[in-house]
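Let the sequences and hints guide you as you build the complete structure.
Order-wise, the sequence lines are chains R and P. Residue numbers are given in our numbering: position 96 of the first sequence equals residue 115, and the series is strictly consecutive. Residue numbers are given in our numbering: position 69 of the second sequence equals residue 87, and the series is strictly consecutive.
For the record, the hints were derived by calculation from the structure and aren't laboratory data.
Straight-line alpha carbon distances no greater than 30 angstroms define the calculated DSS-like cross-link-like pairs of lysine-lysine that follow:
1) P:K176 / P:K155
2) R:K280 / P:K286
3) R:K131 / R:K64
4) P:K108 / R:K244
5) P:K299 / P:K45
6) R:K244 / P:K286
7) P:K45 / P:K221
8) P:K127 / P:K155
9) R:K149 / P:K155
10) P:K108 / P:K286
11) P:K221 / P:K176
12) P:K217 / P:K45
What follows is each chain in one-letter form.
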Amino acid sequence: MPNPTLPRERIDYSAIVDRPALRLPSGARLVFWTIVNLEVWDIGKPMARQVLPAPTGQPMLPDVPNWSWHEYGMRVGVWRFFDLFRRLGIRPTLSINARVCEDYVRVAEEAKNAGWEFMGHSYEQGPIHKEPDQAAMIARAMGILEKFTGKRPVGWLGPGLTETYDTPELLAAAGVKYIGDWVYDDEPTTIRTANGPLVTLPYTVELNDIPMMIVQHHESDYLLKRTIDQFDRLHAEGANRAKILALAIHPYISGQPHRIKYLEQIYEYAARHDGVLHWNGEQILDWYLAQSGAATKAAE
Amino acid sequence: MNDAAKRPPVGMLPTERIDYSPIAGRKVPPLPGGARMVVWLIVNVEEWDILSPMPRTVLTPPAGGAPSPDIPNWAWHEYGNRVGFWRMLKVFDESRIRATLAINGSAIKAYPQIVQAANARQWEFIGHGFTQRNMQKVEDERADIRRTREVITSASGKPPRGWLGPGLTETWETPDLLAEEGYDYVCDWVLDDQPVWLKTRTKPILNVPYTQECNDVAMMLIQHHKASEYFDRARDQFEQIYEDAAGGPRVMALVQHPYIVGAAHRLKYLRQAVELMAARKDVLFWTGAEIADWFRAGTPAERA
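The following block contains the structure:
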C-alpha cells in the first residue's frame, strides 16, 4: 500500500483519566463479555498453533497430531461450554470462522439455537495478511453467517486479531459496526475509516487462553487466578466508571477436562459479586452508542 | 587470531572499561541518615512504531511469521499508555515515591499527557533510545543519543543525566558516545549491586545498578511467570539485598512497563512490592541521578 492509514490517523492518543466516565445502567460496575472462538484448521495447511512440535522441529504436512488436538475441541470440548452456559443462562459472543457453518453444522446450529451472538472471524483460520482478496473473503464470511443465522453480524474479530492497514475500511464497507482487534483500552472507542466510523470493543489478549496456556505455558488453574485478579481490579475501578471484562476461550484449550473446572469457577466467582452484567458484543455496542455523544467525542 | 584481530573496530571491550572487582570489602560512601540501601523504580515508556515489527508480542499470528501491520500487539502495548500508566501513577503517588522515567525520544511527542504527569511529580527523565529498537540497528548512534537528549531537555526543562539502552542494547562504542554527549550515567551494565565507573575514550561514565531480574519484561514476557511472581521476586530480592547491606550500602532496582505491570490483573503485585519496601524506615527511594550524586561525591572517578 503506498499510503497506509496508520492507527494514529484513525484516533489520537487519549489518556483514560481525561475522558468523561461512561456509566452502566442501574449502577452496575462492569460488563462481563464472554467470547467463545470456533475455528477451522485446514489439514492441507500448517496448523494455526501447535501443542506438540514435530521431532527435530522440522515442520511437516499433514500435521495430524496438532490438527486432531484442535479437532478435539469441536468434538468434545465445545459441548462442555454449551452445557456450562446453558446452566448459567449466559449467551456468549461466538467468534466464528464462517467455514464452521459448513464443516461443523452441528456445532453452529447449537450456538444459533442457544441464542449466541455470531461475530465474524474470517472464513477460516490464518493471518489476514495472507488473504489474496481480503474484501472478497470478508464479504464471503459475512454472507455465510448472515445466511446461516438470518442476521448480518455487527461484530468482527480478525483471525489472531490480525489486520492489514486497510482492514477497517473493508470491514466498515461490509457493514461491520464493531471490531475486537484493538485491545488498547478498557472502554469502547470510535475510530475513523474512509467508510464511516467503527467502534472498538475491549477484547483481550490478557484474559485469553491462547496466550496464557499455549504461548506462556501457565498451569491450568492460572486461568482462574488471573481472571479473579483482573475481575477484582476492574470491579473496584467500576465504582467510578464502567469497566468491561472480556474473557476469550477456545474449546480445544479451556474445553479440556483438566481445565474446564477453572472456567466454571470463574463464573461462580463472578456470581458472588453485585453489579456484574453478562452482555454480548452487540449489547455493549448498543449501550456505548446510546451514551450521549460518547462516540463522537471519542473520535475527535 | 592475534589480539588486534579480536578487538572491535571502534570502542572498547567491556573488560577494558572496567576491572573485575569483588563487592566484598569494597569501600563505598555511606548513605545519609544511616540508611542501609537505596531502591529506585524505573518506569519504561516506549512508542512502538506500527510500521516496524513489534519489539515484543503477547500473541503470535496464526501459523507463525511476522506479518505487518501487527495490530494486536501494537494495541496491547498501547493499552499501557492509555490505561496502565495511570493505574501505576496512583501507586507511586500514594507512597510518595518519585520514579525514574526511561522514555523513548519519540514517546515524548506521542504521549504528552504522560510527560506532563511525570513533570508535575518531578520524576527524573532518562534517555531510552529515540525509538524502541536495538542500538546496533540504529543508523547513526550519536545522532540518536543527541536527539533524545534534545527532546527530553525541551520536555522536562533539563538535560537527561541518565541513559538506558532499548532492551539494554549497546554497541562497542555506546559508553564513549554517551559521555561525549553529556550523559552522566548509564544503566545497561547489570553487573553489580553498587554503582561502578566505566572508562570511556574521554572521561569515565558511571553505571547505576539496573536489573534484568526484577524486570517485568523478563519475568512475564520471556519467562512467562504468573503475575504474582512480580511481587514474590521483588520481596525476595529486597530482603536479600537489605541483609547484604549490613556490610555496606546497596542499590536495588525494580522495573516497570505500563503495558505489563499496568495490566489490571498485575497491578496489585506492584502495589504490594512498593508497600513492602516503603514500610522499612532505613530504605531510601531515590531516582537514578540521586544515586549517581551520592556515589560520585564519595567515590570520584579518579579513585575508581
